[in-house]
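Novice: Sequence:
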Amino acid sequence: MALDLYQTPARKLDKFIFDTLQPDSTFLRQAGQAIDTICEFLKTNCFADRPPPRIKVLKVVKGGSLGKGTSLKGGSDADLVVFLSCFKGFGDQETNRAGIIKEIERMLEKCQQQKHFEVFIEQSRWPNPRVLSFMMSSKTLNESIEFDVLPAYNALSSGAKPHSQVYEELIHSYSRGGEFSTCFTELQRDFVVDRRTKVKSLIRLVKHWYKQGESLPPQYALELLSVYAWEQGSRDRAFDMAEGFRTVLELIRQHKQLCVYWTIYYNFADEVLAGFLHQQLQKARPIILDPADPTGIVGEGSRWDLVAREAERCCRQQCCMDLYGVPVQPWDVHLSSPPYGTLRLGAEGMWTGRGGILGAPSIPTFHATLSHGSWSGLISARRWPVPVVPMCHGPPAREWMGTLAPPYPSTILCSWAIRGENSPAVGSS
2 MALDLYQTPA RKLDKFIFDT LQPDSTFLRQ AGQAIDTICE FLKTNCFADR PPPRIKVLKV
62 VKGGSLGKGT SLKGGSDADL VVFLSCFKGF GDQETNRAGI IKEIERMLEK CQQQKHFEVF
122 IEQSRWPNPR VLSFMMSSKT LNESIEFDVL PAYNALSSGA KPHSQVYEEL IHSYSRGGEF
182 STCFTELQRD FVVDRRTKVK SLIRLVKHWY KQGESLPPQY ALELLSVYAW EQGSRDRAFD
242 MAEGFRTVLE LIRQHKQLCV YWTIYYNFAD EVLAGFLHQQ LQKARPIILD PADPTGIVGE
302 GSRWDLVARE AERCCRQQCC MDLYGVPVQP WDVHLSSPPY GTLRLGAEGM WTGRGGILGA
362 PSIPTFHATL SHGSWSGLIS ARRWPVPVVP MCHGPPAREW MGTLAPPYPS TILCSWAIRG
422 ENSPAVGSS
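The opening position of the sequence shown corresponds to residue 2 in our numbering, with each subsequent residue numbered one higher.
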């Protein structure tokens, strides 16, 4: 591992990121032009000479570090997800993507002379590849750019928060976790893009540290842990970078206890999704659930122990020490779920735990059996936010604000929104 980061004092990490990690405007402009060139090729030339029925490119979405705004100086990747009209469902994508990738590769080689760029295509060793990888260079680029082009089914259509039926279809179609995550690239990108600039700087720092060590779990897992650390430990727009970095390292060190998920794009309100999520969150730790794709446990089966070993070493370096040589302390971030069992709702009733699970930034799902309908009390589960209860569904079904009118049902199914900056989570009970 290079010593540049480890020899940087904690108080100078912001400067280190600006001077060493952040790409300059010239590279970003050139990269943007290169991406535009490939996007134009995909939209205009890629299937132009294909016999009817003609394949239509519905949209091309930019992902990867360049798409998220977390690229590093001297080495960045661009993921271009091509949403095609020929894919009518997740199954079509699985069955037909290899042929589509061959078609894109053939046209890319044919068009490069006309477009004044050169590509070096990496040959896949898989019989049914999910990605076409190539390196692009041209006279206008100071350095080559790595591209991954991924054909995908347009599951989201509008790009907005998906309907629960989309996730139900996904659950019934998948055989391997995350195999259709490309369909949710826009959500994955927006999850990071919408973060504050300094949170993206923290992600750059973590990726730089990680890039120099054992690249085992995917970088996406480290991006999610960086966001989670800031959400749960700080939320300050001018946070101390060393404390944020130290917190991510601590999460990695204690990976065997990690269970992290978000309820921004999906939640427990739908019965099918709720059952599936409970199964996912009972699996072996670490669990970092993809916020856009509930089938994907990011980094599942990876050698987290090797990354944790390097994190342990990093915690003893200058970058994690203050001016007096005292170790920088991480933020107070919970790793494990609130305990199973019973939570008391003020003096008004009881919440019987059906499986408390750590959520970010939501409170776990519970099955509520109340003696009567007053919600004047406050719920306290460790230090989690107090829920704001906008509505409940149950016998009798009704909208519910504060107090349920008689006759009181013995069991009610509730949905709530959690107070939180920029990302109100939804849970259920």
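Be a bit skeptical, because a hint or two may be false.
Unchecked claim - Using C-beta positions, here's what the derived DEER-type ranges look like: (1) H279 - S176: 38 to 48 Å; (2) E313 - T141: 43 to 53 Å; (3) D333 - R304: 25 to 35 Å.
Hints listed in this document are in silico derivations from the structure and should not be mistaken for laboratory results.
Even glycine gets a Cβ: it sits at the ideal position worked out from N, Cα and C.
Novice: Against this structure, judge whether each hint is valid.
Specialist: Okay, the hints, checked on the actual structure:
At about 20 Å, the beta-carbon gap between H279 and S176 misses the expected band of 38 to 48 Å. The beta-carbon spacing between E313 and T141, approximately 44 Å, falls within the hinted interval of 43 to 53 Å. Restraint check, D333 to R304: a C-beta distance of roughly 28 Å satisfies the suggested window 25 to 35 Å.
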